[in-house]
Amino acid sequence: MTEWVVQAEKLDKLFDDKQGKTHALKGIDFRAEKGKMTALIGPDGAGKTTTMRLICGLMDPTGGSLQVLGLDSVAGAEEIQSRISYMPQKFGLYEDLTIQENLNLYADLHGIPQDTRKGRFAKLLDMTGLAPFTGRLAGKLSGGMKQKLGLACTLVRSPDLLILDEPTVGVDPLSRDELWIIIKQMVREENLSVIVCTAYMNEAAMCDHVYVLNLGQMLFEGTPQELSQVAAGKCFEVDPPEELPYRVLQGSLLDDTEQIIDAVPESGTVRYIAARPGEPIPTLERWSLTPRAVDPRLEDGFMILLHQAADLEKTRIPLAPLDKIPPRPAQNEVSIEVKDLVKKFGDFTAVSHTSFQVHKGEVFGLLGPNGAGKTTTFRMLCGLIPATGGKLSVAGENLRTARTEARAKIGYVSQKFALYTKLSVLENLQFYGGMYGLPRKKLQERIRTVLEEFQLTGTESHNAGDLPGGYKQRLSMACALLQEPEILFLDEPTSGIDPLARRMFWREITDLSCKGTTIIITTHFMEESEYCDRIMIQDHGKMLIIGSTDEIREKLHKPGANMDAMFIDIVNQSRARGEGAAQ
Amino acid sequence: MDLGKWKEIFCRQVWYMCWKEMLGTFKDPRFRRVLLIPPILMGFLFGYAANFNLENITYALLDKSHTKASVSLAAHLDGTDFYHRVATLRNEGEIADPINTEKAMLVVVIPEDFVDKLEQGQNSPVQLITDGRYTMTSSLATAYTSRIISEWMLEQAGREPPISLQVRTWFNPNQLTRWFFSPGILGIMCFIQVVLLSGLSVAREREEGTFEQLLVTPASPVVILIGKAFAPVVVGLIEGTTLLLIGTLWFQVPFTGNLLTLYFAMLLFFLASAGVGLAISANCQNMQQVQVYTSLYLVPNGILSGLFTPIRNMPEALQVLTYANPLRFALDAFRRIYFQGTGFWSLGYDFFPMLIIALATLSFAGYQFRHNLN
Amino acid sequence: MKDFFRRLKALTHKEFLELIRDRSSLLMGILMPMMLVFINGYGVSLDVYHSRVTVVMEDMSPTAHDVVSFLDGSEYFDPVYVTSMKAAVDRMNRRETEAILRVPPDFSSRLHQGDAQLQLLLSGIDTTTAMSIQGYVESGLAAWETRQLNARGIGMVSVESRIWYNDANSSTWYFMPGLIMLTITIIGVLLTAVIMAREYERGTFESLFVTPVRPMELILSKIIPYFGIACIGVAICFFLSRHLFHVPVHGSLWMIVILSVIYLFAALGAGLIISVYTKSQFLACQIGLTVTMMPCLMLSGYVFDLRSTPQIVQWVGQILPFSHYLICLKSLFLAGNIWNLTLENGALLSLYALGFVGIAFSITRKKVG
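Sequences listed follow chains A, B and C, in order.
One point on numbering: in the working numbering, the residue at position 475 of the first sequence is 475, and numbering is uninterrupted.
One point on numbering: in the working numbering, the residue at position 263 of the second sequence is 263, and numbering is uninterrupted.
One point on numbering: in the working numbering, the residue at position 47 of the third sequence is 47, and numbering is uninterrupted.
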């Protein structure tokens, strides 16, 4: 007989506060088996985090029954909380404490005896690669290291149930791999039961059982294979013609809501899901392309489910059709010029001698592991911090010293989605528009446009702080685009965002680049580099490689390789070289 | 870009910045309550509490003389309006109780040889015992009672005093200290509020991560500065108006000056206070630090402002320090406008220092905004 | 029970580390009391010395000079002599003088008739100074009259003022107990008001809640370090005022310590209630400062004697715990052991401490959202 660690029946959660009522969970059934990994996936605002919090006894359900480890989640909350481990989206590390002190705190709270502790810490620190840094303050760690430390803190002892809420958000592929290796090793060695929420479909594919949650309702329950099979026979890939950027073909396919459910650029091709396989697809006919059938993946099944559930009239926005080959980014018009850029914080070199150019209308990707210097480079470009050495110009000016007009030409979306949480969506837009000096009439018009483009219509009066992650991201984009900037800076705009929202985000970027906007972007989803014209990979402040994804594939002699693997290769090679040189 | 266009954009930015700050301060009903209700309550409470005039003197009497004269003296005291005898003592041993339990502010001891000495042409002392734990009450009760005893003495002797002192107190004929404290309370309460609010505003944006976003927009630090100072100044003006109304309407504190001059003084004062708050804020990474530094600033400056004790009584070195304290000048200006009706042009003594403090702190804060990231 | 202490120790250790690394709270614990003691010792005095009095001598006779001679050489006055009223009023308008004493031309001639007049004009802007000056001038004149009468063999009733419990009647001593109260209140309430709210806002509680931790341990771990800081603060206050300003301690030192500890618990409890209730640093700072600084100065009996206010204000003062603490402290420092007063107020303070800490316990739940 199967033993369940979590059993939820008709679970209901209604938030009722002054902001209004939100029905977060509408009577869902959910079970997690002992000793297995259960994934919970779904778009933003589906109710995933609420489910997790309910299981942890951090909130009380408003209906239905919820049993965790055989205990009622309300009456037995204290006992549940002492037997399970929970890693929230943003793990609450104490930033003024060192790695060791954070670990000690959780070990003490869980009452781990000193003798077992030693071995456990050594193992965790070794697995997470944090061993050399135990004396460093948690606040000084990069995002990936923070997540690893958070995981280590939740694993100081073997819990009866491990709950992970998007454990790899904002974490680079290298660290993400390492995190999953740790989780899988723990599951294997200690027979852990795990529930995980994730936005990465390949992570969900590693689990034993998958639930798909959407708008507080369960859409699907089954194994990852079963979820993939939903898309059986509907998946194809196609090579774009010369001169046509992947993103344009992908966008053009995506616009065809009749025939196409989903499309993404991938490993030198464009992959799509056909709604009615066999029927002609106008886009492919326009460029006379022949698709090849491919095996379905979990993500495909997920996209089909969401596609069925969503009201598509509402989710697709009218953008300019992508039926022409857009002009190549003008080589002679340089938007961003960086020469020999250096940034030092004390002895630490965050960015070392980096030079590159970004041309007008180009989509330029800045990739690298956490702590590689991407954000520092970004902040220098935006004029937020001064460079230690080198030259940089953005739209012909150094933004640090530039007059305000120069800054009017750029838009900036920071990692944390800098929104005024107490202000409503509309008020945020009005404020940023005002800061960009838009006249009232023009501002109203722009607000109407961006609200539509980013599908925020209807949320105008919600407080920005109460929006789910994807909405926040869209709102920050909308704010940055109000003044129609010539150059758009995007610092990890897609982290923590579900696939559906990411498709729309990139469709928007494609549209902007067709209009001639220069875009410079950082991301931890390596497959997203396929949308870029060129990418640059940084590590330890140094530039490792620069070029289009095809060029990079060629350079590494790996045709058709996926970017995740290539990225890991490039970074590991460089690190090995670095170590070799050091020895 | 031509000047007209530039001005238009600048004004628009300032408008939206101020609008946003107002929303951030007043949109949340919890913030509204916390900002607006306490000043009203405290205005009334402090209005009553801040008073050095004794309106009710409780005293105990130990009459060891038991003569006609001593009884008459006691009767004279009892007959005086605000004297209330709470105990009549029989011996020295009973003096401690009414003092210790705070029942009596004063014990009047008439010695056995009270009349004898007078008849012998000697000075005859009456002992007034007061409670040193309340130093102000103690000295006032002694002073009032001495005055009443001399009156009684002259009445007994049936003659006029050889010298009569005509006292005229300008601007406050009855020497009501409640009047004196009313503008002071207005000043210090607004001071605390404005400094804290402006101090928190930047730190709050830092913690939420919106401050960088603000710096990337074309808005210049001046715009940010104006916006950040705007909401605290408005809160200050609302609070100031509330306290002004409570003072003049409920406590009948006279207001002889020009209302516009008063508001100008308030505006200047709040700008200087907001500047101090922003300068603190620009150098703090989180709200706890703001909390610590603002209270480290507010407590000494509140005490050394001349609110309770005259600045002239302080040692030179401390007096010099008070020149950097906007509250000191604001209190002086407020009192002069309230009671003396001093006009705008005669208040340069107070306006200039506040203006200088405002300019210095605001420009320091503006500079720090750009240069203190990370 | 063993678990309880282990977790409490871990949390307290964490709290200590954060405190040491941020440093601003420590600064508050050390700098605030030092500043208060020095300002008070050197700067604040209710006594008015060297008041600037302009004397208009319209009568230049020796008698007139004799009458006003009490102004010269007194530490209370800095007299300036002028001959015309206009000059004096000008000085007043230029803020160079606080009072004008006018000796009219016919002063000495009318003095012989027994109906001489002197005019004292005071600037009422600073009313307390005006009151003091009037008092000093009156007693100066009274002393002159008494001397005159005595010379003629007539006895007068004189007043012999005895001030109990503050022999020198120095306001330095008077204010010192209040400083300790101010230190404890500000440190206790302000610092704790932010710390819980900070954890709610930064999301650190979400991970901490899903551990065997109990709310009681969370609260205690917040109380202990700040208790330590406040103790340092009080010790500094006490040490400096004893050694620099020789403030006497007439009562039991142990009683002072015990009452301070009880009061400190009340203050910390109040801070935690604010923190847990608001869950927002902004609101906590705002409320924290509103309920401590001004009410402490105004309603505790620190500066003002509430006995001359309307009953309702006295009640409010009685509801606030700091008045009870202050009267105990003042008595123990300046008066000695007044047991019934100390015990009664001490019992009340204990109730407050228990109540506040108890409420803080009962409203802390391991829930989010």
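Be careful, since some hints might not be right.
[To be verified] Examples of chain C residues toward chain A, derived with CB under 8 angstroms: (1) E18; (2) D22; (3) R23; (4) T204; (5) F205; (6) T211.
[Claimed, not checked] If you anchor each label on the Cβ, the simulated ranges turn out as follows: (7) C/S61 / B/R312: 28 to 34 angstroms; (8) C/I363 / B/V86: 41 to 47 angstroms; (9) A/W287 / C/K367: 35 to 41 angstroms; (10) A/T421 / C/L31: 29 to 35 angstroms; (11) A/R575 / C/S362: 31 to 37 angstroms; (12) A/I325 / C/K367: 54 to 60 angstroms; (13) A/Q7 / C/A235: 54 to 60 angstroms; (14) B/D78 / C/R162: 51 to 57 angstroms; (15) C/Q119 / B/I37: 18 to 24 angstroms; (16) A/R136 / C/L31: 44 to 50 angstroms.
[As the list claims (entries may be wrong)] Computed list of chain C residues with no C-beta within reach of chain B, every gap over 12 angstroms: (17) V82; (18) A87; (19) M216; (20) L240.
Just so you know, these hints were derived from the structure itself, not from any lab.
Even glycine gets a Cβ: it sits at the ideal position worked out from N, Cα and C.
Verification of the hints:
| no. | hint | result |
| --- | --- | --- |
| 1 | E18 | holds, 5 angstroms |
| 2 | D22 | holds, 6 angstroms |
| 3 | R23 | violated, 10 angstroms |
| 4 | T204 | holds, 3 angstroms |
| 5 | F205 | holds, 7 angstroms |
| 6 | T211 | holds, 4 angstroms |
| 7 | C/S61 / B/R312: 28 to 34 angstroms | holds, 32 angstroms |
| 8 | C/I363 / B/V86: 41 to 47 angstroms | holds, 43 angstroms |
| 9 | A/W287 / C/K367: 35 to 41 angstroms | violated, 57 angstroms |
| 10 | A/T421 / C/L31: 29 to 35 angstroms | holds, 33 angstroms |
| 11 | A/R575 / C/S362: 31 to 37 angstroms | violated, 54 angstroms |
| 12 | A/I325 / C/K367: 54 to 60 angstroms | holds, 57 angstroms |
| 13 | A/Q7 / C/A235: 54 to 60 angstroms | holds, 57 angstroms |
| 14 | B/D78 / C/R162: 51 to 57 angstroms | violated, 22 angstroms |
| 15 | C/Q119 / B/I37: 18 to 24 angstroms | violated, 48 angstroms |
| 16 | A/R136 / C/L31: 44 to 50 angstroms | violated, 30 angstroms |
| 17 | V82 | holds, 18 angstroms |
| 18 | A87 | holds, 17 angstroms |
| 19 | M216 | holds, 24 angstroms |
| 20 | L240 | holds, 15 angstroms |
When the structure is compared with the earlier hints, violations turn up for hints 3, 9, 11, 14, 15 and 16 and for no others.
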